[in-house]
Amino acid sequence: MSLLSGIRARLRALVHWSTTERELDAEIGFHLEQETERNLRAGMSPEEARRRARIDFGAAESVREEHRDARGVRWLEDAVADARFGIRSLLRNPVLATTAIVTLALGIGANAAIFSVVNAVILRPLPFPGSDRLVKLSEDNPEKHWVHEAAAPANYVDWSERVKSFASVTAYTPGGHTTMSGDGEAAMFYNANVTGNFFSVLGIEALQGRTFTDDETWEKGTHVAVISDRLWHTRFGGDPKTIGRTVRFDEVPTEIVGVVPASYEFPNPKVDVWMPMEWKPTDRSKDWFRRAHWLGVVARLKPGATLAAGDAEFQGVVRQLQVEYPATNRVMGADLMPLQAFLTADIRTPLLILLAAVALLLLIACANVGNLLLVQALGRERESALRLTLGAGRGRLVRQALTESLLLSIVGGLAGCLLGWAGTRGLAALQPAGMLRVTGVSVDWRLLVFIFGITTASGLLFGLAPAIWRGRQSPADVLKEGGRGGSEGTRIRRWGNGLVVGEVSLALLLTVGAGLLLKSFFNLGHVNPGFDPTNVLTVGISLPQARYDSAAKQIAFYDQLQDRVRALPGVSGGAAALIPSLSGVAWTSDYHIGGRPADQYGTEIAHQIVSPDYFRVMRVPVLAGRTFTDADRQGTPLVTIINETLAKREFAGRNPLGQLITDDKIPDSTTKWMTIVGVVGDEHQTSLSTPPQIEMYQPFAQNPNNYMTLVTRTTADPTDMIPAVRRAIADLDPNVAIATLNTMEQLRSSTLARQRFITILLLTFAGAGLLLSTVGVYGVIAQMARRRTREMGIRIALGAPVGRVQWLVVNQGLRLVGLGVLLGTVAGLGATRAMRSLLFGVSPTDPVTFVVVSAILAGAALLASWLPAARAARTDPASTLRFE
Amino acid sequence: MPAPQNDVLRGTLELLILKTLTLEPMHGWGISQRIQQFSSGVLDVNQGSLYPALQRLEVKGWIDSEWRTTENNRQAKYYRLTASGRKALGAETASWRRYVTAVESILETA
Numbered sequence: 001m002s003l004l005s006g007i008r009a010r011l012r013a014l015v016h017w018s019t020t021e022r023e024l025d026a027e028i029g030f031h032l033e034q035e036t037e038r039n040l041r042a043g044m045s046p047e048e049a050r051r052r053a054r055i056d057f058g059a060a061e062s063v064r065e066e067h068r069d070a071r072g073v074r075w076l077e078d079a080v081a082d083a084r085f086g087i088r089s090l091l092r093n094p095v096l097a098t099t100a101i102v103t104l105a106l107g108i109g110a111n112a113a114i115f116s117v118v119n120a121v122i123l124r125p126l127p128f129p130g131s132d133r134l135v136k137l138s139e140d141n142p143e144k145h146w147v148h149e150a151a152a153p154a155n156y157v158d159w160s161e162r163v164k165s166f167a168s169v170t171a172y173t174p175g176g177h178t179t180m181s182g183d184g185e186a187a188m189f190y191n192a193n194v195t196g197n198f199f200s201v202l203g204i205e206a207l208q209g210r211t212f213t214d215d216e217t218w219e220k221g222t223h224v225a226v227i228s229d230r231l232w233h234t235r236f237g238g239d240p241k242t243i244g245r246t247v248r249f250d251e252v253p254t255e256i257v258g259v260v261p262a263s264y265e266f267p268n269p270k271v272d273v274w275m276p277m278e279w280k281p282t283d284r285s286k287d288w289f290r291r292a293h294w295l296g297v298v299a300r301l302k303p304g305a306t307l308a309a310g311d312a313e314f315q316g317v318v319r320q321l322q323v324e325y326p327a328t329n330r331v332m333g334a335d336l337m338p339l340q341a342f343l344t345a346d347i348r349t350p351l352l353i354l355l356a357a358v359a360l361l362l363l364i365a366c367a368n369v370g371n372l373l374l375v376q377a378l379g380r381e382r383e384s385a386l387r388l389t390l391g392a393g394r395g396r397l398v399r400q401a402l403t404e405s406l407l408l409s410i411v412g413g414l415a416g417c418l419l420g421w422a423g424t425r426g427l428a429a430l431q432p433a434g435m436l437r438v439t440g441v442s443v444d445w446r447l448l449v450f451i452f453g454i455t456t457a458s459g460l461l462f463g464l465a466p467a468i469w470r471g472r473q474s475p476a477d478v479l480k481e482g483g484r485g486g487s488e489g490t491r492i493r494r495w496g497n498g499l500v501v502g503e504v505s506l507a508l509l510l511t512v513g514a515g516l517l518l519k520s521f522f523n524l525g526h527v528n529p530g531f532d533p534t535n536v537l538t539v540g541i542s543l544p545q546a547r548y549d550s551a552a553k554q555i556a557f558y559d560q561l562q563d564r565v566r567a568l569p570g571v572s573g574g575a576a577a578l579i580p581s582l583s584g585v586a587w588t589s590d591y592h593i594g595g596r597p598a599d600q601y602g603t604e605i606a607h608q609i610v611s612p613d614y615f616r617v618m619r620v621p622v623l624a625g626r627t628f629t630d631a632d633r634q635g636t637p638l639v640t641i642i643n644e645t646l647a648k649r650e651f652a653g654r655n656p657l658g659q660l661i662t663d664d665k666i667p668d669s670t671t672k673w674m675t676i677v678g679v680v681g682d683e684h685q686t687s688l689s690t691p692p693q694i695e696m697y698q699p700f701a702q703n704p705n706n707y708m709t710l711v712t713r714t715t716a717d718p719t720d721m722i723p724a725v726r727r728a729i730a731d732l733d734p735n736v737a738i739a740t741l742n743t744m745e746q747l748r749s750s751t752l753a754r755q756r757f758i759t760i761l762l763l764t765f766a767g768a769g770l771l772l773s774t775v776g777v778y779g780v781i782a783q784m785a786r787r788r789t790r791e792m793g794i795r796i797a798l799g800a801p802v803g804r805v806q807w808l809v810v811n812q813g814l815r816l817v818g819l820g821v822l823l824g825t826v827a828g829l830g831a832t833r834a835m836r837s838l839l840f841g842v843s844p845t846d847p848v849t850f851v852v853v854s855a856i857l858a859g860a861a862l863l864a865s866w867l868p869a870a871r872a873a874r875t876d877p878a879s880t881l882r883f884e
Numbered sequence: 001m002p003a004p005q006n007d008v009l010r011g012t013l014e015l016l017i018l019k020t021l022t023l024e025p026m027h028g029w030g031i032s033q034r035i036q037q038f039s040s041g042v043l044d045v046n047q048g049s050l051y052p053a054l055q056r057l058e059v060k061g062w063i064d065s066e067w068r069t070t071e072n073n074r075q076a077k078y079y080r081l082t083a084s085g086r087k088a089l090g091a092e093t094a095s096w097r098r099y100v101t102a103v104e105s106i107l108e109t110a
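Protein chains in written order, with my numbering: chain U, 1 to 884; chain Z, 1 to 110.
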């Protein structure tokens with residue numbers, strides 16, 4: 001009974017909260033009336049009777065609060081009341097509320113967008129079942145400066161046979177091209193060769209048909225392929241009868257045995273065709289099987305085997321191989337790392353830098369909103385003091401301030417979510433192809449927790465100052481001083497100043513980071529690639545090995561093609577090269593210079609195979625000797641041209657012309673020596689940010705190949721020539737497809753794409769940070785100027801020059817900014833080191849960047865302080881005095 | 001903030017309210033007057049704190065309330081002791097007596 005009525009009382013109190021409050025008011029009113037009457041009877045004057053009654057009763061407001069406490073529902077009622085009060089007071093000041101919400105939306109939105117990318121790229125597991133047990137095995141060679149390099153097939157086979165911690169090990173080649181014909185128009189697709197267990201190691205199941213069997217790693221005489229569902233739909237219309245059909249890949253009859261989902265995107269997102277390695281069992285004993293490094297290797301750890309234990313056993317096997325095969329493996333190390341870490345290694349630093357940048361932006365946003373609320377709270381000093389006097393609890397005032405800030409952050413958070421959603425889509429759309437593996441905008445719990453976390457944290461963070469202040473101030477001081485600040489007011493104003501200093505220093509940090517990236521990007525854009533990239537079209541053409549099976553046929557095709565293209569109107573030159581410069585890859589080997597001791601070999605020389613016209617067409621300067629001619633062909637002495645860097649390194653001060661060089665590490669009687677006939681200027685082989693490597697060029701006629709890239713210099717926009725070049729190829733052989741097609745400017749720009757993308761993002765964040773902190777400075781200085789308007793009026797009235805009086809305010813702003821710049825610089829000098837790997841040609845502590853950024857910030861702050869100072873000084877002194 | 005007034009301890013106030021209500025249902029002001037009368041003006045009930053105390057007792061289910069008309073034809077909230085309130089009064093009184101005896105014995109021996 002008592003329990004029931006107790007619950008009833010609480011419920012009633014909760015449901016009829018306003019009724020309960022009204023009843024209490026009526027009860028208090030009745031009490032006061034009775035007391036007043038009693039006092040009257042005791043002979044007091046009516047006025048005195050009423051006064052006494054009120055004094056005896058005490059503070060009605062605190063009675064109400066205690067009453068709510070007693071009802072046990074106070075927290076909820078208070079929360080509702082606080083929320084209502086908060087909404088009302090925010091609506092009273094829509095400019096402030098809007099500014100705060102936009103500021104927060106900016107900070108939270110940027111964080112949500114970047115975090116969702118980080119989540120998708122780094123945190124979310126790979127789309128393979130049990131992907132945490134997948135590890136990447138790579139080879140390392142300290143002598144050749146190899147880190148995480150591709151593995152040799154023989155080493156792969158030994159690892160998979162010997163390491164017991166691995167349940168299974170698979171290998172794959174990096175994506176290449178294959179021409180599919182015999183089924184409509186010939187077309188080029190990306191393909192990869194894989195070991196038979198590739199799909200089972202990764203846990204990929206066939207949608208149609210089957211994947212490969214383990215024994216298909218080795219040659220069986222018949223040829224099979226697995227295709228992606230993307231290719232299955234686009235090329236075969238999703239016909240289930242595709243399984244079992246035989247098509248021709250590079251003219252080889254191949255049976256399609258299965259379809260797998262394209263979403264697996266492995267080893268790269270473009271691959272549509274997988275084929276088995278088809279190694280010959282006899283390959284195992286061949287020297288090249290252990291010497292050529294081109295395989296990606298992934299192992300699945302046995303259940304229960306730890307990464308450390310697996311690595312320890314793996315290293316043991318690697319050491320065995322070093323002893324067993326000294327000729328190839330003497331210094332060949334290897335390493336093991338989680339597959340996810342390997343796949344995200346190159347994007348990790350940029351993403352973490354961006355995450356740090358948006359975190360800074362959010363801090364600036366919070367400081368800014370904190371400042372806005374502080375300014376607002378100072379304006380409500382009297383109101384708070386009054387409520388305290390009337391008996392409102394201090395805790396209540398603190399909570400009210402926090403409720404207001406949480407309200408703002410929730411609305412800001414919602415707006416930020418929208419912004420973040422749009423931002424993620426924008427990032428996915430604007431990113432350089434393949435940089436971020438964001439296949440779709442997906443929301444998962446990590447993202448929700450993150451957004452909820454930062455929203456609440458930001459609300460508490462920026463609401464803290466006004467809240468603490470409200471709880472601390474002494475109402476008597478405030479009321480006495482006519483709202484012009486007691487000691488707590490001073491303290492809180494100091495807090496506001498602190499926020500400005502913090503904001504400025506964070507903005508400096510952010511802007512310095514962006515400035516360093518901008519300078520790097522500028523430096524990269526001005527790197528001379530070593531050739532003239534304007535108006536050059538590059539077309540990669542792969543000849544089917546089955547029909548172009550002799551050197552003569554290969555040479556004939558490319559020679560005729562060059563002749564036809566050169567004859568096209570609008571073409572000023574045509575040549576062929578194995579790999580166009582700046583395409584991101586290079587083929588390297590060891591080398592040996594004729595006449596040097598046997599153990600004095602060099603490593604990591606880049607190879608290029610070119611037609612005679614190449615240097616003229618690409619405008620690579622010839623520094624000494626000659627270029628190739630038509631006389632350098634099959635049967636004539638082997639010749640080579642080296643680049644300047646190699647000439648300087650190996651022949652410093654001596655004439656390299658006529659010297660011999662070979663790509664054998666240790667020359668023997670079978671070694672093919674090449675005579676150096678020329679020296680040319682350095683070309684950047686892989687990208688603008690990688691310095692030119694040592695390089696040797698060999699003539700195509702002496703090194704024929706069934707894959708070459710046609711480089712065409714045009715007199716106008718090279719893209720206009722694409723149809724004509726396509727026609728020239730088709731006229732020559734309709735069953736040859738185009739593998740790659742880019743202008744040299746596209747290749748050049750794509751090597752910059754990543755840097756450009758990150759730079760633009762960071763610049764955007766820095767711009768937002770700069771803007772926000774300027775607004776913050778403005779807010780605080782404007783508040784300060786308003787408070788000093790009277791003082792300034794008096795000074796001007798007494799004859800002080802206006803400029804001097806303005807300076808009082810501006811000076812104060814500059815002092816805050818100066819301190820912020822100082823702190824930001826100190827922090828920046830330490831923090832920018834983290835982005836060293838993203839910088840090019842600029843030190844992380846580049847003084848020019850620091851000085852320029854500081855000047856920009858100081859300039860913006862000067863403007864932000866001067867505006868309110870000027871306004872205050874312009875006010876008519878008489879009116880400011882009257883205003884008080 | 002006004003200093004907390006300890007004229008009548010919180011727990012004590014509730015005990016006094018319960019005791020007062022054993023006579024008849026009463027409104028808040030009546031209770032405050034009655035307590036002052038009974039203690040011959042020694043105990044000065046902080047009138048404001050009376051209402052939260054009444055609310056606490058109501059939540060515990062020891063008292064009930066309803067709006068009634070006074071002799072002067074005014075609306076007032078009357079509080080009434082419930083059965084469990086009567087039982088609680090017995091227990092509270094016993095524990096108060098123990099408390100007073102304990103304090104008393106300390107004062108005498110010291």
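If you are wondering where the hints come from, they were derived from the structure by calculation, not from laboratory data. Remember, predicted model here, so these are calculated numbers, not experimental data. Among these hints, one or two may not hold up.
Computed spacing ranges between beta-carbons, pair by pair [stated by the list, open to error]:
1) U:Arg52 to Z:Ala83: 52 to 58 Å
2) U:Glu37 to Z:Ser95: 54 to 60 Å
3) Z:Val42 to U:Arg787: 38 to 44 Å
4) U:Ala79 to Z:Thr22: 44 to 50 Å
5) U:Arg52 to Z:Val103: 31 to 37 Å
6) U:Arg92 to Z:Pro25: 25 to 31 Å
7) Z:Lys87 to U:Glu37: 32 to 38 Å
Partial list, computed: chain Z residues near chain U (C-beta under 10 Å) [unchecked claim]:
8) Leu23
9) Pro25
10) His27
11) Val59
Just so you have them, the derived chain Z footprint on chain U, three or more residues with Cβ under 8 Å [what the hints assert, rightly or not]:
12) 23-31
13) 58-70
Backbone N, C-alpha and C fix where the C-beta goes; we use that ideal spot for every residue, glycine too.
Now for the hints, and whether the structure bears them out:
With their beta carbons about 39 Å apart, Arg52 (chain U) and Ala83 (chain Z) fall outside the hinted range of 52 to 58 Å. Distance hint check for Glu37 (chain U) and Ser95 (chain Z): the Cβ-Cβ separation is about 37 Å, which falls outside the suggested range of 54 to 60 Å. Between Val42 (chain Z) and Arg787 (chain U) the Cβ separation comes to about 53 Å, which falls outside the hinted range of 38 to 44 Å. A hinted range of 44 to 50 Å is violated for the C-beta pair Ala79 (chain U) and Thr22 (chain Z), which are about 39 Å apart.
Range check, Arg52 (chain U) to Val103 (chain Z): about 34 Å between beta-carbon atoms, so the 31 to 37 Å window is met. At roughly 46 Å, the beta-carbon separation of Arg92 (chain U) and Pro25 (chain Z) lies outside the given 25 to 31 Å, and the hint is violated. The given range of 32 to 38 Å is respected by Lys87 (chain Z) and Glu37 (chain U), whose C-beta atoms sit roughly 36 Å from each other. The beta carbon of Leu23 (chain Z) is not positioned within 10 Å of any beta carbon in chain U (closest approach about 18 Å), and the interface hint is therefore violated.
Proximity of Pro25 (chain Z) to chain U is violated relative to the hint, the smallest CB-CB distance being about 14 Å (cut-off 10 Å). At about 7 Å, the closest approach between the beta carbon of His27 (chain Z) and any beta carbon in chain U falls short of 10 Å, and the interface hint on this residue holds. Because the closest C-beta pair between Val59 (chain Z) and chain U is about 5 Å apart, less than 10 Å, the hint holds. Remark: the segment 23-31 of chain U is confirmed as covered by chain Z, as 7 of its residues place a Cβ nearer than 8 Å to a Cβ of that chain, reaching the required three.
Coverage of the segment 58-70 of chain U by chain Z holds. Counting CB-CB distances below 8 Å, 9 residues qualify, and the rule asks for three or more.
Figure legend: structure checked against the earlier numbered hints; hints not met, in rising order: 1, 2, 3, 4, 6, 8 and 9.
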